[in-house]
Structure formats: structure tokens, C-alpha cells
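J.: From first to last, the protein sequence lines stand for chains A and B. Residue 1 is where the first sequence starts when you use full-length UniProt numbering, and the numbers rise one by one after that. Residue 1 is where the second sequence starts when you use full-length UniProt numbering, and the numbers rise one by one after that.
Hints should not be assumed to be uniformly reliable.
Identical chains share a label here; the pair holds if one copy fits it or two copies do between them.
Straight-line distance between alpha carbons at most 30 Å, and here's what the computed DSSO-like set of lysine-lysine pairs gives [said to hold, decoys possible]:
{"id": "1", "residue 1": "K172", "residue 2": "K122"}
{"id": "2", "residue 1": "K222", "residue 2": "K172"}
{"id": "3", "residue 1": "K369", "residue 2": "K271"}
{"id": "4", "residue 1": "K369", "residue 2": "K2"}
{"id": "5", "residue 1": "K369", "residue 2": "K122"}
{"id": "6", "residue 1": "K237", "residue 2": "K222"}
{"id": "7", "residue 1": "K172", "residue 2": "K23"}
{"id": "8", "residue 1": "K222", "residue 2": "K369"}
{"id": "9", "residue 1": "K2", "residue 2": "K172"}
{"id": "10", "residue 1": "K271", "residue 2": "K237"}
{"id": "11", "residue 1": "K237", "residue 2": "K369"}
To be clear, the hints were calculated from the coordinates, so they are not data collected in a lab.
Next come the chains, spelled out residue by residue.
Number of protein chains: 2
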Amino acid sequence: MKPIQVGLLGIGTVGSGTFNVLKRNQEEIRRRAGRGIEITMVADLDTARAQSIVGPDVRVVNDARAVIANPEIDIVIELIGGYGIARSLVLEAIAAGKHVVTANKALLAVHGTEIFAAASAKGVMVAFEAAVAGGIPIIKALREGLTANSIQWIAGIINGTTNFILSEMRDKGLDFAVVLKEAQRLGYAEADPTFDIEGVDAAHKVTLMSAIAFGIPVQFDKAHVEGITQLGATDIKYAEQLGYRIKLLGITKRTTEGIELRVHPSLVPAKRLIANVEGAMNAVVVNGDAVGTTLYYGKGAGSEPTASAVIADLVDITRLHTADPHHRVPHLAFQPDALSDVAVLPMSEVVTSYYLRLRVADQAGVLAKVTGLLAGAGISIDAVLQREADEVSGEGGTSTDLIILTHDTREGTMNDALAQLQNLPTVLAPIVRIRKEELN
Amino acid sequence: MKPIQVGLLGIGTVGSGTFNVLKRNQEEIRRRAGRGIEITMVADLDTARAQSIVGPDVRVVNDARAVIANPEIDIVIELIGGYGIARSLVLEAIAAGKHVVTANKALLAVHGTEIFAAASAKGVMVAFEAAVAGGIPIIKALREGLTANSIQWIAGIINGTTNFILSEMRDKGLDFAVVLKEAQRLGYAEADPTFDIEGVDAAHKVTLMSAIAFGIPVQFDKAHVEGITQLGATDIKYAEQLGYRIKLLGITKRTTEGIELRVHPSLVPAKRLIANVEGAMNAVVVNGDAVGTTLYYGKGAGSEPTASAVIADLVDITRLHTADPHHRVPHLAFQPDALSDVAVLPMSEVVTSYYLRLRVADQAGVLAKVTGLLAGAGISIDAVLQREADEVSGEGGTSTDLIILTHDTREGTMNDALAQLQNLPTVLAPIVRIRKEELN
């Protein structure tokens, strides 16, 4: 049988990894897929560079639409990125009856509903394992491996740049800005690191996982997004003393009130496996009512790890394209006519526990005042850590750090209490508030 | 569309979990699968007990063949276990054109070649996610998620009983026999724990993973199998001092000489995630040439975790049964006509590093003699730990423990060297030899 013919749009880091792995392991992949899988056409603006990567046997063009229009091409891989031209090309490829593989989390998190609807109408597959957690087959686990479960929650380290930065901050006791520079020098952070460090990339990914886990549409605009730029070495150190690590987590959770969908730094018990995921590695914890807690770990980025996911999608399509389109694995795990409209909760309705650090005057009665105010708001305290007075404050007295771990509290309640605490004359600096997840 | 009808053979722990989860999550599962999935007939020798579990709406019989003969039944779940009647029933179900789901690792590890050939000839699926690592979707990860890769090696904690025992031995400093009794009392070990503690269960599972990873037939008879019954608290403690944990690992590895397939206790660096998998939990590490190292963690046994895997297989079959049988996901990941005959290496050809503990006379020159003999055999030493002399030996002198970590050595070479070492008059007790895996 003639090989499946694949057209590649954009041959950068992931594209060249995909080409190389597909070539290197072609015999083994053919034995798995039952058919050869070959990239026979590549579109890239830099045609000379592209041709030098793929060699003389592959046709290189500078017009992506020429790939889509080629009737020989069965599958189109979109590795251009972004929301603009990538969206048009993916929709055009679908309209032309091509199956599509993409690593574009931003595109799917924002325009997924439109794209998946078009694909369903046309009876083609849009596969995106590479869009979340690089080479870890987490989309497959959620969409196929855990289908028996009512999934309860997902919490993932799904951005390698920020996990590298947090690991370095902890190891070396350095502050964010210093480590970011080092990460940029080493190639772990981009020149413009905004999408990573502000949590946007993680939010794209957790939005996709949320849809697949709970059978809801992709709703990036409903995600609460906080990055790590405000984190200091001080809080990482205090967290450590209390038995926790701080990780940037993408979290989505099913509650009786609605779906939580949020990215922010979180304290995680140091004894959890995910707390021990260091450097640029990724890990996703999934809790289902039948299976309990499972974890998936691996490289979340890079040329060949991401290529591993892209090619797995190519093999899936090769194996399954003959199945009845109305029954084969749905794009978002649930049948398109069976999505639920359970609402994503506003952040003020989210219930979680908290780490608070207050810089307070070292005076009698301050602890009583603070804890009394929290008690009055109905916020119950799990642990208190008060440091030795260590600093002469501006007002002539000494000051100290008061660290409080709370039990579960509604975020809106916490926000009100924090506003009141911040107004106390004995609270001398902006209060640090970091959410805490037990993940058990 | 009418629901997929499932017949269940054997309703014990996993069977009742499967029935209950399928019922509890039926609406969500239907939204995922595109069709309802219902257990409509159950065969069990204890029909009264079975009927009390499934209620009056499900037909219960004491003859498994009545389920297989029922033309309404689309999928047969085999949860009887063992190699005997289970083999006949699975083959009969296939012959009757039923898809089969089984958790029976022993059956597939020994009779898999026959069973998969029969299924391929008949065009039906035999799914077995539940056979390895309970609810962790590791079969799916290997067979579908990592298809891009030339898989290099797999190392797994795939038996919860032995991992529970080893965790307890380490935590409490107790010896094997004591902890086994406790594990039996708590229900973590069976009354006859032989299959678990002797490594047979883990060997069944790693045999299946080996076939899927490397595209070779299932060959349980070629596996090297050692359990944990000879392990002492002393070696767990020394390993800890050297920065290692001892785990019972199922290992399979691709080498230029052939495939390694083995189960035995192994030292693993304490900093690896898998070294921190405690209690009855399972974890599998998979290394592929493109993806690098990935890890999958979760509950490896129990009613609902295992049911999670059984039901995932039911959903897979429901989604994919319309696909061309020659192209849908092959049972063993590789197309049946594309299996390889790469040989499984005899244990004497396996290359690994070692932990050795020698009880030696506390005399000048003993270390030189021992290390000289190893050097003469071409075995290079990574580290030596010599304890203070601590015990009066039978011969009137003091004795001490000499611990040696070696670099990679062929097992046959090591066996010869150990025989020579054991004959030294200054070696006072049987030498302890535990293999060591860096897993990096």
C-alpha cells in the first residue's frame, strides 16, 4: 500500500525534529502503522533553509496553500504557530478534506470550537497531542485512557520555562529577574518570555485539558491566569520550611458549582511526586473517581520530544482514518453533540487554601489582631509561622514576617479579608498571597 | 443507536468494580463513546452472589459458554484469570466473533501469540490495558502514544504487593518475613503470595510491555525472574547510605545484541522519581529515542483502578470497531506480519552494574585481594564502602561488611568473579549481589 503522504507547514525546531525522527525511525513506524508515513511536501518562507533540512527528494514551496491544494497530500501538519494565518490554513486544510495535526495550543485554546466543528462536519481528524506537555501522551491518556472516569481534577506543570526558573530560584536562593536572565542565556526562556512567565502558555494548555476532561467547549477567555513574575526567593524559602514547594500549576477541577480553570503559582506538599519535578520537565496529575490519582511525566518541549507527539498523531490517523467518523475518537474526547455547558467559575468563586505572608510590626497583639480578623471573615487557620524580628522598619520599630496557612476558603472571601488586613496600620508591606493545593 | 452489549465472565473484585463504575458513570461514558455500553449478561459459578451485585435486570448464568453463544453480546470481558479455562473461553469468544477485553496478564504472557493470531484472523480486538499496572494507561502509551520512537528501555514498579513490602522494610528497618505477614494482614498480599513475591506477576507484565515496545512475540519463558524473598533490611540500609533505593523492577531493554527481559530487585538512585514511588503504587519509566524519558504513575491494582482500564478498553472498541481491521491499532502495537525475531538475551549476556556485599574477615589485605580479583576479571569499581569491624566471627577474629558498587559488567563475567570471591577464605558468608540501574 502506498505511503500516507504528509505536507508540513513550517519547518522550524519542531518541524525539523518531526522530519528527522520520521526518517530515522521510518521502518519501525511503518511496522506499527501498517503503512509508510512520508513527508513529501514542505512549505516554509525560507525555502533554501527548508530544502537543506529535507534534502532534494522533498518538494519545498513558499506557499502553504500549495501544500493544501495538492491532492496527493493526506495529512497536513501545521507548525506555524499563532492565531492568524495558522487559523486560516487549518480551516482551509479541513475544507480540502485533509486530516490535520497541529502543536498550536494557542490556536486551539482560542479557536478550537470553530476548528473542531469544521473538522467534524467534514469527517476529518484534527489531532493535537503535541499541543500539551510535549512528548508526554497526556491528551491520549485523558481522551482515551481514562474514559471510564468522572475526572475530578487535573493539575500540571505544563510550562518548562517557568519550572526551570522556579527550580533555579529554589536551588540557588535567587530572585526571579536574575534567574530569568540565566534561563534566557541557556535557551530555556525566549527573548520575549511573556507568554511563558505570565502563565498564558500554561493557560492555553490547561484550557485544552479542561475541555477534554469535562466535556465542555474550549474557553480560554474564562481562564484565570497568573504568572511567576511576582514570586520572591523569600516565599520559596518559607514554603520549604513548611514542607512545600512552589510550582506554577495549570489546574482544572470539577465542583458542584462549576468548573475551575486557573493558572497560578501554588504551594504543593514537598512529598508529592509532582513537587519533585525539576528543571524544564513537565508533569500532569489527573484524578479520576475510579482510577484515583495518576501522573504523567516527561519532556514538555524541544525538537524531538514534541516531534514524538506529532508523529504519534500521524500514526493514529493512519491507523484510524477508516473508522466511521461518527464513532472514532472525538477531538475533545466527548462526542461533539454531547458537550456540556457547565459554567467555568469566576475566580472569586474558587475554593482553595492559601499561604499568606504579612510584613508586620513586631508589637504585642499583632498576631491576635490578624488571626481575629481572619476568624471574623470565617477563614480558618491551618498553621502559623512567625519569624524572629529581624529588621528595623521605617517607623522606628522592628518588623517581622508572619506566615499563615489557611484551610479552604472561597477566593472572594479571602480577597475581602486581605483588603482589611492590608489596611491594618501594623501591616507594613503588601501582603503576599499564594494559593496552596494538597493534590491528594 | 442501541447500546454495545457486554458479557462479563467472572464477577469478583475487578468484575464488580467494572459493573459499578460502568453504571455510575454511564451517562459520561456514553457521551465519550457515542453509544451506551452495558453489561447485560454475567457468568459466575456463584450465581446468587453475582445476581446480588448486578441486580435483577442483568441475566446471570453459571455457564460462561452461554454468554459467548449469545448473539446479542458484542464484547466479552474475561476476568476469570489463570491459564486454563480462561484460555479456552477467550479463544471460543474470538471464534464466535466477539471482541475480548481481559485483565489476564498470565494468560497473555504465556499464550498471547496464539490468542492474538486467532483474533487477527477473525478481525476482532483483544484489549488488555488492565493486564499491566492497573489503571495507568501504560499499554496505550506504549502502543499508541510513543509510536514515533525507537523505544530504548522500560523499567517499571509493576507489582504493588512487593513495592508495599519494600517500602515498609525501608521505613521500619524490618526484614522481609515480618513485613510479608503484616502485608497479608492488611490485604496487600495474598494468602499464597508466591506469584507476587517471586516476581512472576511482574514478569508476566514486563513480558507484555516488551512485546509491545520492541515488536517481538510475547515470550514469558525467556524472562529472567527473581523476587524479593532474599532481600534483607541491611542491604536496604546500605543502599540508602550510598544514595539508592531498592525496588523490584521489571526491565526490558533493546541492545545491539538482543532484548533484555528481566525482573529482579534493583538499586535505583534515590533522586529518580521512580525511587520515590511508595507503598502499593505502580510506576513505569519508558525511554524512547525521540521523547527521552517519560514516567507513568498510579494505582496498579484494586477494584475500581483496574475497572478504569477495563472500561477504557470497552470504550476503545466501541469507538474503533468500525475501522478496517488491517489498519486499526494492532494488539501488540506492531502489525502482526511485522513482528521481529530479535532474540531475548540469556541473563548471562545482560550488562548491568552491581551492588555487592561481602562479609569479610577484618584483616589487612582483604580489600586488596577482593578488588584485585575483580580487576583481574575486568570488572571496574565505582565505589567502595567499608564498615567498621563490628562482630566477632566464628573463627576468632572480627569481621566487617565490604560494599562494592561496580560499573557495567556482563552478568556471566560477574558470576565467574563471584564464584572466585566466594571461595576466598576471608569471605565469611554468602555474597549478596543486587543489580543496579541508573535509569537516566
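J.: Pop the pair K172 and K23 into one bin, within, between, both or neither, using alpha-carbon distances up to 30 Å.
T.: Result: close neither inside a copy nor across copies, 41 Å intra and 52 Å inter.
J.: With identical chains treated as interchangeable, where does the CA-CA distance between K222 and K172 reach 30 Å or less: within a copy, between copies, both, or neither?
T.: Classified as neither: same-chain Cα gap 36 Å, cross-chain 49 Å, threshold 30 Å.
J.: Since the copies are identical, ignore which copy is meant and state whether K237 and K222 lie within 30 Å (CA to CA) inside a copy, between copies, both or neither.
T.: For K237 and K222, neither the intra-copy (32 Å) nor the inter-copy (51 Å) Cα distance is at most 30 Å.
J.: Have a look at K271 and K237 and pick one of within, between, both or neither, based on CA distance no larger than 30 Å.
T.: Classified as both: same-chain Cα gap 16 Å, cross-chain 21 Å, threshold 30 Å.
J.: Check K172 against K122 for me: Cα-Cα at most 30 Å, and say if that holds within a copy, between copies, both or neither.
T.: neither (53 Å within a copy, 61 Å between copies)
J.: Since the copies are identical, ignore which copy is meant and state whether K369 and K271 lie within 30 Å (CA to CA) inside a copy, between copies, both or neither.
T.: neither (33 Å within a copy, 43 Å between copies)
J.: Using 30 Å as the alpha-carbon threshold, which applies to K369 and K2: within, between, both, or neither?
T.: Result: close neither inside a copy nor across copies, 77 Å intra and 65 Å inter.
J.: Could you place K222 and K369 in one of the four classes (within, between, both, neither) given a Cα distance threshold of 30 Å?
T.: Classified as neither: same-chain Cα gap 36 Å, cross-chain 71 Å, threshold 30 Å.
J.: Have a look at K369 and K122 and pick one of within, between, both or neither, based on CA distance no larger than 30 Å.
T.: So K369 and K122 fail the 30 Å test inside a copy (64 Å) and across (76 Å) alike.
J.: If the cut is 30 Å between Cα atoms, do K2 and K172 qualify within a copy, between copies, both or neither?
T.: neither (55 Å within a copy, 61 Å between copies)
J.: Which holds for K237 with K369 at a C-alpha limit of 30 Å: within a copy, between copies, both or neither?
T.: within (25 Å within a copy, 49 Å between copies)
Going through the hint list in order, the structure does not satisfy hints 1, 2, 3, 4, 5, 6, 7, 8, 9.
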